[in-house]
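Q: Listed here are the chains, written in short residue letters.
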Amino acid sequence: MEQVLKLRNLKVVFPTDYGLIRAVEGVDLDIYHRECVALVGESGCGKSVTSQAVMRLLDSPPALIRMDVLEFDGRDLTQCTEAEMQEIRGKELAMIFQDAMTSLNPVMTVGNQIDEMYRRHYGDSKQAAREKTVHALELIGIPEPKERANSFPHQLSGGMRQRVLLAMAFACMPKLIIADEPTTALDVTIQAQVLKTLRGMQRGCGTSLLLVTHDLSVVAKMADRVYVMYAGKIVEKAPVKELFTNPHHPYTVGLMAAVPRLTDEKKKFTQIPGTVPSPVHKPSGCYFHPRCEYATERCRREMPRLEPMGRDRQVRCFHPLGVGGKSSD
Amino acid sequence: MKRLWMGVRKRLRGAGELLAKIWAHRQGKVGLIMVTLLVLVAIFAPYIAPYNPYDVSQRTTKGLPPSWQHPLGTTINTGQDIFSMLVYGTRVSLIVGVTSGVCIAIVGSILGVAAGYLGGAVDTLIMRIVDIMLVIPTLPLVIVLTNVLGRDFWIIILIFVALGWTGLARTIRSLVLVLKNTNYVKAAELAGASRWHIMIRHILPGTSHLVIMSTALSSAGIMVAEAGLSFLGLGDPTAISWGKMLAEAQSGGALLFGAWWWIFAPGLGIFLAVFGFMRVGLVLEEIANPRMKRTSSVYKLFRSLDSSYVEEVFRSMDDYQRIGVEGVSSGGGQSRGTGLEA
Amino acid sequence: MKLSYVIKRVLYSLFVFAVVITLNFFIPRIGVEDPAERYYPPQGNMSEIEYEIVKQLTREQYGFHVSTWQQFLNYLKGLAQGDLGTSFRPGSPKVLDLIKERLPWTLVLSVSTMLIGLIVGVLFGVVAAVKRGRWQDTLLLNASTVMVALPSFFIALVLSFYLGFEWEIFPAYTDSTMVSEFAWTWEGISRVARNAALPVMSMMVGSIISYAQGTRNAVIAVTNEDFVLTARAKGLKRSTIRYKHILRNSLLPIVTSLGMSISGLIGGQVVIEQVFNWNGMGTLFLEANQTNDYPLMMGIMLLLSGFTILSILLTDLVYVLLDPRVTVGDKR
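Those protein sequences? They're chains A, B and C, same order as listed.
329 is the number that our numbering gives the last residue of the first sequence; the numbers go up by one with no jumps.
1342 is the number that our numbering gives the last residue of the second sequence; the numbers go up by one with no jumps.
2332 is the number that our numbering gives the last residue of the third sequence; the numbers go up by one with no jumps.
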C-alpha cells in the first residue's frame, strides 16, 4: 500500500517559567492511502500538538521541535520552506478543528471562508470559487447551500458549522485530512450524523484521515488502525478490531472500561484512578505506573520500550495484558 | 479587643507580604523606592529644602542656572530657589493624589460591590450614573465645579473623588458578578448569612487586589490631573505645586530667556511621582493576574534557554536501542529542528 | 433584528443627553439661591439697595425673575430652537455665536491629532504585535510607560521651548493674526498648519501611544484565536491572514476605544490651547471661567457632552456594521 504519511521520532517541548513542558516524546506515525488512523488519548497527552506538528503549524518560539522523518506523499516536509508548506497546507494536507464556533472567522461569511480555499489553491475567480463552494456545501449535506453560504458562523447551528469545516477541508481533495476532535463539541445525535458524513466523504474522495480524539466510541465507528497515546508517548498501536477485542496496555483497558456500553450490562462503568501526570514533572519509569493496578518495581524504575507484539501491533508495557495467558492478576 | 488585635495583625502581615512581593519584582522595586523617597521628601520638606520656597525677595539671585548653591537654579522673576519649591511641591501632589486615590478606592469598591451583588434597581442606578459621567468631559467639568464650589484643597480632592470612582466601580462590578456565582458565596447564602455579611466578609476581600492596584493607579492619574488644574491656575492658590510652577515658568518668561531648568524641574517632579505610583500599580496588577504580564516572557525564556540542557531533555525521551523498531535509527546527529527561527 | 438594536442605542443616547442637559442647568445653581449672584457677586462698595437694583436688572435681562422650574422650561425651549443661552459678556452675545466662531479652530487641532494618532498608532501597534517581543515591541512598551507619566502640557512646554524659542522651527505662540487674516489660500492654510504644528505634536504623542497599545493588544488577542490557526491550516499566505482575518477582527476593540477617547481628547485640549494661546473653544472656556460666564461655560460643556454621546453612538453603530454577531439582547 502507498504510504501517505511517515513520521519518525517527533519530540516537542515548550519552555515555560515553571520548567520545560514535555509535550511529545518521540512519536512515530504511519498512515497509508485511503486509511483512517485514530490517535487516542486523554486531553493533555500531546495528541493535538502532534497533529499540529505534522502540519508544521507549531510556532517556534514557543515550541522546540525535533523530528527525524516527516514524509508526506513522498516529500520531505522538514526540508520545505514556509512558502512551500503554504502551498501544501489546505491543498494536499488539510485540517479540521474541534470547536467550529471559534475555528471560523466570526466576521466573515462561511461562503467567503470556503471560497478562500479555491481562490488560494486554484486561483479561481470570485464567481467560480463561489460556485464550487455552493457545490461543496451541497455535497456535505447543507440544505439551501446558496443562502447558507452568505451566513455568518453564529447564524448556523453547531452541526452545520462543523459541516462547513468539513466542506473546507475537503475543498481541494487533499491526500490527508487531520481531524482534531472533530465532533467533541457536538450533541451525540448530531455527532453521529457528522461522523457519518466524514466517513462517507473520506471513502468517496479517497482521502486518508488522521482522527485525533479522546472518544473510543468514535474510534470504533471510524478507524482502521489505532495509536493510543499517553503523556506524550505512544503506548499501544493496533488494528481497530484487535484493539477492542484484545487490548494489551492497561491504559487502553482503562480507557475502554470508561466507555459506557449498552450491550454489556454486567461490566461496571469505571474510571482510571488518578489524573494525567503534569507534563512538567512526569513520573519516573513508566509514565502510567502511578495509575496502573499492575505496576511493579520495574515499572517504577524503568521506561518500557514500544515492543512489537504480534502482527502489526506494538505495546509499551512490561506486563502486557491478554497475551498468551501472561495476563497479570 | 483581642480579636480586633488579631485582625489587625493579620492585615499587617498581609500588607507585609504584598510589599515583599512587589519588592521581589524588578519594576516594583523601582516604583517602591521612588514612592518611599517622595513620601520622605514630603514629610521632611522643611529639613531638605535649603531655602524658603516662598521667599520672593531675593533680588540678587534671579534667574540663576543650576549650581552648587542652587541645585536646580532659581526663578527669573522672583529669584526663588527651584529645588526648594520642588521639594515643597511634593506635599501637594502626594496629599491630593494619595488622599483622592484612597477615597476613590473606598467609594468605587463600595458602589461596585453594591451594584454587582445587590443588582436590580441599585445596579441600574449606579451603572446609569457611570454611563452619564463617561460622556461629560472631565477636565471642563472639574473646572466648572471648582468655580461653583471653590478652590480649597479639600474641595478639589472631593471633586476628584466624585468624578474618579466610575472606572473602578465598573471593574469591581464585573468581578463581583463572577464572585457572586462562586461556590463559597453560594454556600454562605445557603447557610443563611445576611447579604450585608456576605458583601463584607466574602465579596469585598475577593476584590482587594483590584482595589489596592487601583489606588496606586488612580493616585497617579489624579496627580496628573491636579498638575493640569494648577497649571491652569485653578488649583489651591496658597500652595506651591508642580503644575503651578510650570505655569509660572511659562508666564515668567522661562521659555523666552532659556531657563530650561525652570521647566524641567517641575516636569521631573511630576514624572517621578506619576511613574513611581504607576509602576507599583502595574506590578500589583501583574501579581494579581500573571497572565496580564505585558512583557512576552516566553520569548525571553526562549532566548535564555541552555541548548545543552534542551538536548539532554530531548535525548532523555528516546527509547534506548530504538534500532529494531522498524529498523529506523535515531542517531542524535540526524535530528533536525524545524522552523527554529527564534 | 439589527434595526431594533440601533433604535435601542439611539433611545439610550437620548436619555443620557436629557440627563446631561438637566445637570447642565442645575450645576451653576448649586450653592446660590439667586443665579443673578453668580453673574454679579456682592461687591463691598455697593449699598444693599444699589446691589438689589443691579440684581433685579440682571434677573430680567437673563430671565431669572421667574421660578426655577419656569427657567428650566425656558432653557429647554431655547435648546429645542438651537439656542444655548446668552453670554454674560458685555453686549450679551449669543453663546452659540461665540462657540461657532471658535469651533473650527478647535476642530483643526483635535481632528488632526486624532487622524495622525490613529494612523500612526495603528501602524505602530500592528508592527509591535507582529514583532512581538522584539525591539519594536519593547520600544512601544518603554515609550508608553514613560509617556503616560508625562502630562501633555509639560510636553507642550518642552516642545515650545526647543522647537519654538531655541531653534525657531515652529511658532511657539499662535500668531494673533492667524484667525483675523485667515483666507482659503495656500498662504492662509500653511500658516494655520505651521501654528498648529506644536499643539498637535504635544497631543499626538499621547494619542499615538494609546492607540498603538490598544492595537497591539487587540492584534495579539486575535492572533491567538482559533480561527487564525484554521486560516493557517488552509494554506493562506501570511499577508492574507494578517489583513483579511486578523486586522478586521482587531478593528472592533480599536473602534470602541476610539469612541471613548474623544471625550478625553477634547478635555485635555483645554490645557494645550492655553499653552499655545490657540484661539479655540478651550481658551473660550477658560475665559468664560475667569469671568464667571456660566451660560457660556455650560453651553460649551453641553456641546462637548453631546459630541461625545454622538461619537459613542456612532461607534456602536459602526460596531454593528463590523461585527455581524451584534444583535438585540447583546449586552456588551
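Treat the hints loosely; a few may be bogus.
Derived DSSO-like pairs: lysine-lysine, alpha-carbon spacing no greater than 27 Å straight-line [to be verified]:
#, chain 1, residue 1, chain 2, residue 2
1, A, Lys282, A, Lys241
2, A, Lys126, C, Lys2237
3, C, Lys2055, A, Lys91
4, C, Lys2100, A, Lys132
5, A, Lys132, A, Lys91
6, C, Lys2244, A, Lys126
7, C, Lys2077, C, Lys2055
8, A, Lys6, A, Lys146
9, A, Lys196, A, Lys241
10, C, Lys2055, C, Lys2094
11, C, Lys2100, A, Lys91
12, A, Lys6, C, Lys2237
13, A, Lys6, A, Lys91
14, C, Lys2077, C, Lys2094
15, C, Lys2077, A, Lys146
16, A, Lys196, A, Lys132
17, C, Lys2131, C, Lys2100
18, C, Lys2002, C, Lys2244
19, A, Lys282, A, Lys221
20, C, Lys2008, C, Lys2077
21, A, Lys146, C, Lys2244
22, B, Lys1186, B, Lys1010
23, C, Lys2237, A, Lys132
24, A, Lys132, A, Lys146
25, C, Lys2131, C, Lys2237
26, B, Lys1029, B, Lys1010
27, C, Lys2244, C, Lys2131
The hints are simulated quantities; they were obtained by calculation from the structure and are not laboratory data.
Q: Next step is simple, just say for each hint if it's right about the structure.
A: Hints versus structure:
Simply put, Lys282 (chain A) and Lys241 (chain A) have alpha-carbon atoms about 31 Å apart, too far for the 27 Å limit, and the pair is violated. Taken as a hint, the Lys126 (chain A) and Lys2237 (chain C) pair is honoured in the structure, with Cα atoms around 17 Å apart against an allowance of 27 Å. For the suggested pair Lys2055 (chain C) and Lys91 (chain A), the alpha carbons sit about 85 Å apart, so the restraint of at most 27 Å is broken. Of the supplied pair hints, the one linking Lys2100 (chain C) and Lys132 (chain A) is violated, its CA atoms being roughly 58 Å apart against a limit of 27 Å.
For the given pair, Lys132 (chain A) sits about 15 Å from Lys91 (chain A) by alpha-carbon distance, which is consistent with the 27 Å threshold. A threshold of 27 Å between alpha carbons decides the hint, and for Lys2244 (chain C) with Lys126 (chain A) the separation of about 15 Å falls inside it, so the pair holds. Between Lys2077 (chain C) and Lys2055 (chain C) the alpha-carbon distance is near 24 Å, which keeps this suggested pair within the 27 Å criterion. With a C-alpha separation of about 39 Å, the suggested pair Lys6 (chain A) and Lys146 (chain A) falls outside the 27 Å cut-off, and the hint is violated.
Restraint check for Lys196 (chain A) and Lys241 (chain A): satisfied, since their Cα atoms lie roughly 19 Å apart, inside the 27 Å limit. Taking the CA atoms of Lys2055 (chain C) and Lys2094 (chain C), the gap is near 21 Å; set against the 27 Å cutoff, the hint holds. About 62 Å separates the Cα atoms of Lys2100 (chain C) and Lys91 (chain A), which puts this hinted pair outside 27 Å; it is violated. Distance check on the hinted pair: Lys6 (chain A) and Lys2237 (chain C) sit about 26 Å apart at the alpha-carbon level, within 27 Å; holds.
Proposed proximity of Lys6 (chain A) and Lys91 (chain A) is supported: the alpha carbons are some 18 Å apart, at most 27 Å. Our distance criterion of 27 Å between C-alpha atoms is met by Lys2077 (chain C) and Lys2094 (chain C), whose separation comes to about 15 Å. Straight-line distance between C-alpha atoms of Lys2077 (chain C) and Lys146 (chain A) comes to about 55 Å, which puts the hinted pair past the 27 Å bound. With a CA separation close to 22 Å, the supplied pair Lys196 (chain A) and Lys132 (chain A) stays within the 27 Å bound.
For the proposed pair Lys2131 (chain C) and Lys2100 (chain C), the alpha carbon gap of about 46 Å is over 27 Å, so the pair is violated. A C-alpha spacing of about 24 Å is found between Lys2002 (chain C) and Lys2244 (chain C), which places the hinted pair at or below 27 Å, so the restraint holds. Annotation: proposed proximity of Lys282 (chain A) to Lys221 (chain A) is violated, straight-line Cα distance about 33 Å (limit 27 Å). Distance restraint check for Lys2008 (chain C) and Lys2077 (chain C): the Cα-Cα separation of roughly 25 Å lies within the 27 Å cut-off, and the hinted pair is therefore satisfied.
For a cut-off of 27 Å, the pair hint linking Lys146 (chain A) to Lys2244 (chain C) stands: about 23 Å separates their Cα positions. Straight-line distance between C-alpha atoms of Lys1186 (chain B) and Lys1010 (chain B) comes to about 26 Å, which keeps the hinted pair within the 27 Å bound. Distance restraint check for Lys2237 (chain C) and Lys132 (chain A): the Cα-Cα separation of roughly 21 Å lies within the 27 Å cut-off, and the hinted pair is therefore satisfied. Straight-line distance between C-alpha atoms of Lys132 (chain A) and Lys146 (chain A) comes to about 11 Å, which keeps the hinted pair within the 27 Å bound.
A threshold of 27 Å between alpha carbons decides the hint, and for Lys2131 (chain C) with Lys2237 (chain C) the separation of about 17 Å falls inside it, so the pair holds. Taken as a hint, the Lys1029 (chain B) and Lys1010 (chain B) pair is honoured in the structure, with Cα atoms around 24 Å apart against an allowance of 27 Å. The hinted pair formed by Lys2244 (chain C) and Lys2131 (chain C) meets the criterion: a straight-line CA distance of about 19 Å does not exceed 27 Å.
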